[in-house]
Each structure stands twice: as C-alpha cells, then as structure tokens.
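**Q** Please take these sequences and the hints and turn them into a complete structure.
Chains G and A are the protein sequences, given in the same order.
Each residue of the first sequence is one higher than the one before, starting from 1 at the first, in the numbering used here.
Each residue of the second sequence is one higher than the one before, starting from 311 at the first, in the numbering used here.
None of these hints come from the bench; they were simulated from the model.
These figures come from a predicted structure and were not determined experimentally.
Check the hints yourself; a few may be wrong.
As the list claims (entries may be wrong) - Below 27 Å or equal to it, Euclidean Cα-Cα: the simulated DSS-like pairs (lysine-lysine) are: (1) A:LYS518 / G:LYS279; (2) G:LYS169 / A:LYS317; (3) A:LYS468 / A:LYS353; (4) A:LYS383 / G:LYS298; (5) G:LYS169 / A:LYS518; (6) G:LYS83 / A:LYS317; (7) A:LYS485 / G:LYS279; (8) A:LYS506 / G:LYS279; (9) A:LYS506 / G:LYS180; (10) A:LYS540 / G:LYS169; (11) A:LYS317 / G:LYS70; (12) A:LYS432 / G:LYS180; (13) A:LYS432 / G:LYS279; (14) A:LYS432 / G:LYS169; (15) G:LYS279 / A:LYS540; (16) A:LYS513 / A:LYS451; (17) A:LYS485 / G:LYS280; (18) G:LYS169 / G:LYS226; (19) G:LYS226 / A:LYS513; (20) G:LYS298 / A:LYS540; (21) G:LYS280 / A:LYS540; (22) A:LYS518 / G:LYS280; (23) A:LYS353 / G:LYS280; (24) G:LYS280 / A:LYS506; (25) G:LYS180 / A:LYS518; (26) G:LYS280 / A:LYS432; (27) G:LYS279 / A:LYS353; (28) A:LYS513 / G:LYS169; (29) G:LYS279 / A:LYS513; (30) A:LYS518 / G:LYS130; (31) A:LYS485 / G:LYS180; (32) A:LYS506 / G:LYS169; (33) G:LYS280 / A:LYS513.
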Amino acid sequence: MNKTVLAAIIVVIAMLGFTYVAVGSAGGMGGEGDWVNKLAVLGAVVLVIITAFVVTKYVRQMQNDTAGGKLADENWDGIGEYKNELPFGWAVIFLGAIIWAIWYFLAGYPVNAYSQIGEYNEEVAAHDAKFEAQFANMDDATLNAMGESVFIVQCAPCHGLQADGMGGKAADLHQRLAEKSVKHVVMNGSSNNLLGTSMPMPDRNGLMNTNTNALITDAEIDAVAKYVAGGLKGTEGASVFAGACAACHGADGKGMEMVAPNIAQMSPSMVDMVLHHGKKGAIGQMPAFTNLTAVQYKALDAYVASLSKK
Amino acid sequence: MFHWLEKRPFFFAVAVFVVIAFAGLIEILPNFAQASRPVIGTKPYTTLELAGRHVYIKNSCNACHSQLIRPFKSETDRYGHYSLSGEYAYDRPFLWGSKRTGPDLMRVGNYRTTDWHENHMKDPAAVVPGSIMPAYTWLFKNTADIDTAYAEQLTVMKAFAVPYNKELPMADGSKATVALADTVEAARASALEEAKVIAADMKDQDVKDAVAAGQVPEIVALVAYLNSLK
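**A** The structure is reproduced here in structure tokens:
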C-alpha cells in the first residue's frame with residue numbers, strides 16, 4: 001500500500017475519533033440521538049472521507065504524472081510553455097464575459113446604476129404619498145395631535161414646551177399680544193406680512209387719536225397696551241383703542257381683510273403667515289419655517305391658534 | 311509591444327497602473343470637478359463671519375456639532391436640504407465633523423436667530439431643557455480677532471481665487487457681492503458695521519457697549535457666522 005493512502009486512512013480514523021469524543025452519544029453514535037443529529041454526523045463522516053481521498057488523488061497525480069505536448073517557441077530562462085488547447089469551459093466563460101461586458105456597458109450600468117440621492121428621492125416620495133393618504137381627511141383630534149407634535153419639534157426650542165415663551169425668550173402663545181409687544185408696535189410701527197401683503201403699520205408719528213385729534217401720547221400708549229394685552233376687556237384704554245386703532249383693526253380688534261390683522265385673538269391664517277415669513281418684534285426675530293408639508297402647516301396653524309383660546 | 315513590456319517589470323507595472331486607473335479617472339475626475347464647484351447661492355465669508363468661524367473652531371464646536379446633512383428623510387426633515395459638495399467651496403478647512411453630541415449646524419441660520427443664540431450661549435439648558443452643552447459665557451467678554459480673519463480673506467482670495475468683490479449669481483436669479491476691504495483699517499470698520507446690526511438684536515448691555523466703543527465681542531462674530539449657515 002502506498003504511503004499517501006496510508007496517511008489518508010490514518011487522518012480519516014483520527015478525525016472520526018475526534019468527532020466521537022466531541023459529540024459522543026448525542027451525535028447518535030450511541031443510538032440515543034435523533035435522526036437530524038445522525039444525518040449530520042453521517043454527512044460529516046462522508047465529507048471527511050471524500051476530502052481525504054480527493055486530496056490523496058491529487059497528491060499522487062503531482063508525484064507521478066508527467067506533462068506532454070508541443071512546446072511554444074518562447075522560453076524564459078529555460079522555462080517553456082506547452083501549446084495546449086484552451087479548455088472548452090474557459091472559452092465559454094471568456095466569450096460569456098465579453099457578451100456580459102457589452103450588456104453591462106450599454107444597458108446594465110446605465111439602467112440599473114445605484115444612486116444614493118435616487119434612493120433618498122424614492123424614500124421621500126413614498127413617505128410623502130403615504131403621509132398624504134393617511135392624513136387626507138383628518139378629524140380634529142388627529143389634527144390637534146399632529147399640531148402638537150410638530151410644535152414640540154419645531155417651536156418648543158424657543159417658545160418652550162408649555163408655549164409660554166420660557167420667561168420672555170419668545171412670545172407667550174397663550175395670548176395674542178403681550179403688553180410689551182403692543183407698546184413696541186405702536187412706538188416703532190410694524191411690517192410683518194401678517195396679511196400676506198406688505199401693508200406696514202405706521203409708527204407713533206403716524207397714529208392719530210381721533211378723540212383728541214392729536215398724535216397718540218405716552219400715557220395713551222400705556223393704557224391701550226394694557227387694554228389690548230388684556231384681550232380688549234374693561235374700560236381703561238378702550239377709548240384710545242376706539243380712537244387710534246379701531247379704524248384699521250376694527251372696533252372688536254378682529255382686523256380687516258387686506259388692511260390690518262386680527263389683534264384680538266390668534267387665527268390660523270395669521271399663524272400661517274408668521275410661519276412662512278418669520279417675524280420681528282419686541283422680543284427679537286423669529287425665523288421663517290419653510291420645511292413643513294401643507295398638512296403640517298394646517299395642523300400647526302390650528303394648534304397654535306387654539307392655544308390662545310384656552 | 312507586449313513582448314517588450316513583458317521583459318521590463320517596471321514599465322509593465324506602470325502600464326498596468328495606467329490601464330486600471332483609466333476607468334477610475336474618467337469616472338471620478340469630471341464628476342469631482344463638477345461637484346466641487348460652488349453651488350449657486352454659496353457666498354464667501356465676510357470678515358466678521360470668518361472671525362466667527364475662527365471662534366467656532368477655537369472653541370471646538372465641531373467636536374460636538376457636525377455640518378453635514380446626510381440624504382436621509384429623518385435628517386432632511388429636521389435640518390433641511392441634504393448637503394452638497396459645492397456648498398463647502400469656501401470652507402477652509404471644512405467642518406463636517408463626525409460626531410453629533412449636539413445637533414447638526416449646517417443650516418442653523420435658517421431656523422435660529424440672533425436672540426436665540428444669545429440666550430443659548432449664556433445658558434443652553436434654559437432654552438433646551440436637558441441640554442448638556444456648557445455655557446460659553448467668555449464669548450461675551452473676549453474680543454474677536456478681526457485682523458486674522460482679514461488676513462485669511464486676503465490669502466484665500468490670492469491663493470485660491472475666492473471671488474471677493476465679484477458679482478455672484480444667487481438662487482433667486484439676483485446678484486450678490488461680498489466686498490473685501492483694501493486695507494485692514496477698512497476691514498475693521500466694515501466688520502464693526504456688521505457687528506452693529508447684530509448687536510442691535512442682542513440684549514446683553516456689555517456687548518452693546520463694547521460694539522458702541524468699537525470692539526467686536528466673540529459672541530457677535532460667532533452669531534454672524536451661525537446666521538450665515540444656510
């Protein structure tokens with residue numbers, strides 16, 4: 001018997017021995033394992049035997065075989081090359097690769113090319129379509145919940161989770177106008193596009209009190225600021241309001257279309273204008289928010305407008 | 311020719327490199343050249359903004375804040391349009407960052423304003439409940455280095471042809487020009503003019519006084535920079 005074959009048989013027996021030590025009776029050799037384990041062990045044994053004998057075959061072939069055929073003309077330091085026929089399988093693979101390359105160059109790459117931005121666009125389009133479909137006809141509770149969640153993400157960093165402006169860092173959204181804001185607007189005028197048109201409000205040098213036929217005074221500004229901030233209730237400041245403000249903002253403060261905004265309460269349309277154009281006033285500047293969808297604007301407008309009515 | 315190459319390992323290696331690199335070069339180089347051009351609407355930094363950028367780097371803001379919005383819906387919903395290569399055309403060095411302890415700041419100028427930054431730098435937790443960002447109170451006292459910013463502007467204009475004093479097309483079809491002063495005195499004056507506009511929107515009396523006295527506190531420069539991030 002050849003030494004190589006002997007070595008292969010020794011290796012097979014050794015590996016079977018190791019397998020038995022490792023899995024023992026659980027592997028089914030003791031007759032206790034289930035049939036899945038038995039099959040697995042049988043497969044392992046077959047694999048070991050096949051491997052051992054295939055390796056043996058090639059080792060023996062290397063030991064014994066000699067090459068033959070016609071040598072090519074070139075040789076390099078005495079090392080030559082036989083002019084053998086190209087194996088059929090190689091030729092098929094070679095030609096197939098050429099055909100595949102032509103397909104890939106002309107159709108495969110241009111048509112199927114991956115793009116990160118393309119995937120992003122598809123993802124966004126799919127999400128938007130789903131979002132539009134899901135919230136096409138919202139009831140008020142859903143609208144309110146959406147408004148609240150958008151508020152927490154987009155507005156709370158300045159207006160606070162309670163929408164109270166966090167101690168004067170932004171407008172307190174529970175009231176239409178703070179006293180300070182009314183004063184600022186009357187003193188300096190305003191041009192915040194609240195109606196969607198650039199209809200500016202004049203500063204104090206353009207505000208006549210028709211009751212006194214004179215420009216509005218400091219005392220009157222204080223009074224009317226309290227009156228407006230208080231929700232247009234009571235009597236103090238009411239006459240100044242009637243004389244100086246009502247001509248544009250209306251006797252009830254609810255504004256007039258294309259002329260002056262509602263200063264009695266928040267309205268969804270006004271909130272929408274502030275979101276789109278931003279705002280600059282007594283406290284500071286609010287940036288415009290342009291990154292929302294139409295449904296989100298609707299929800300946020302309604303939610304913010306509802307805060308002041310509570 | 312192949313016979314010749316086969317006998318010369320060095321030139322064979324060069325030839326292999328050229329063949330392999332060729333496909334990469336024709337795919338990468340034109341795309342790279344195209345993408346690294348400034349996006350329409352990108353402007354070089356003004357003197358004050360650049361001084362603010364130096365403050366940003368000096369305080370290692372980029373250690374916690376990235377400036378790179380990736381093309382994922384969750385990111386673009388929060389921060390705005392994903393970043394494009396050309397938007398960094400005038401950033402030297404770029405401040406992409408790789409770690410987001412805080413949020414991305416690539417477009418912070420779109421949704422935060424001067425007074426918010428003022429409140430936030432003094433006491434971050436007061437505006438962002440639970441924020442772990444420390445207060446940067448010294449920004450209100452230290453003076454920004456306008457001269458270095460001006461020197462950098464001159465350098466990048468000469469070395470990299472950054473288009474100062476040239477009309478640039480904007481996204482809405484208009485033209486904009488970022489002026490660069492001829493002398494360092496003029497640069498200080500124009501930075502102070504910019505600073506006055508920002509200080510007018512701030513509440514800190516020390517900052518207002520410093521700007522009125524001709525000084526530019528670091529916070530003003532930093533806010534100018536942050537407001538320019540759009």
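**Q** Next step is simple, just say for each hint if it's right about the structure.
**A** Tested hints:
1. A:LYS518 / G:LYS279: Cα-Cα ~22 Å, so holds.
2. G:LYS169 / A:LYS317: 79 Å, violated
3. A:LYS468 / A:LYS353: Answer holds: LYS468 (chain A) to LYS353 (chain A) is near 17 Å, not above 27 Å.
4. A:LYS383 / G:LYS298: 21 Å, holds
5. G:LYS169 / A:LYS518: 18 Å, holds
6. G:LYS83 / A:LYS317: 21 Å, holds
7. A:LYS485 / G:LYS279: Distance ~25 Å between LYS485 (chain A) and LYS279 (chain G) Cα, so the pair holds.
8. A:LYS506 / G:LYS279: 20 Å, holds
9. A:LYS506 / G:LYS180: Holds: LYS506 (chain A) and LYS180 (chain G) sit about 24 Å apart, inside 27 Å.
10. A:LYS540 / G:LYS169: With a Cα-Cα distance of about 23 Å, the restraint between LYS540 (chain A) and LYS169 (chain G) holds, given a limit of 27 Å.
11. A:LYS317 / G:LYS70: 24 Å, holds
12. A:LYS432 / G:LYS180: Given that 27 Å is the threshold and the Cα spacing comes to 23 Å, the pair holds.
13. A:LYS432 / G:LYS279: Judged against 27 Å, a Cα distance of about 23 Å means the pair holds.
14. A:LYS432 / G:LYS169: OK: LYS432 (chain A) and LYS169 (chain G) at ~12 Å, within 27 Å.
15. G:LYS279 / A:LYS540: 18 Å, holds
16. A:LYS513 / A:LYS451: 14 Å, holds
17. A:LYS485 / G:LYS280: 26 Å, holds
18. G:LYS169 / G:LYS226: This hinted pair holds, its Cα atoms lying about 20 Å apart.
19. G:LYS226 / A:LYS513: It holds: about 24 Å lies between the C-alpha atoms, which stays within 27 Å.
20. G:LYS298 / A:LYS540: Holds: LYS298 (chain G) and LYS540 (chain A) sit about 25 Å apart, inside 27 Å.
21. G:LYS280 / A:LYS540: 19 Å, holds
22. A:LYS518 / G:LYS280: 19 Å, holds
23. A:LYS353 / G:LYS280: Judged against 27 Å, a Cα distance of about 25 Å means the pair holds.
24. G:LYS280 / A:LYS506: Roughly 17 Å separates the two Cα atoms, so the pair holds.
25. G:LYS180 / A:LYS518: 21 Å, holds
26. G:LYS280 / A:LYS432: 22 Å, holds
27. G:LYS279 / A:LYS353: Cα-Cα ~25 Å, so holds.
28. A:LYS513 / G:LYS169: 11 Å, holds
29. G:LYS279 / A:LYS513: Cα-Cα ~18 Å, so holds.
30. A:LYS518 / G:LYS130: 50 Å, violated
31. A:LYS485 / G:LYS180: 39 Å, violated
32. A:LYS506 / G:LYS169: Given that 27 Å is the threshold and the Cα spacing comes to 21 Å, the pair holds.
33. G:LYS280 / A:LYS513: Holds: LYS280 (chain G) and LYS513 (chain A) sit about 14 Å apart, inside 27 Å.
Violation of the numbered hints given earlier is confined to hints 2, 30, 31; the remaining hints are satisfied by the structure.
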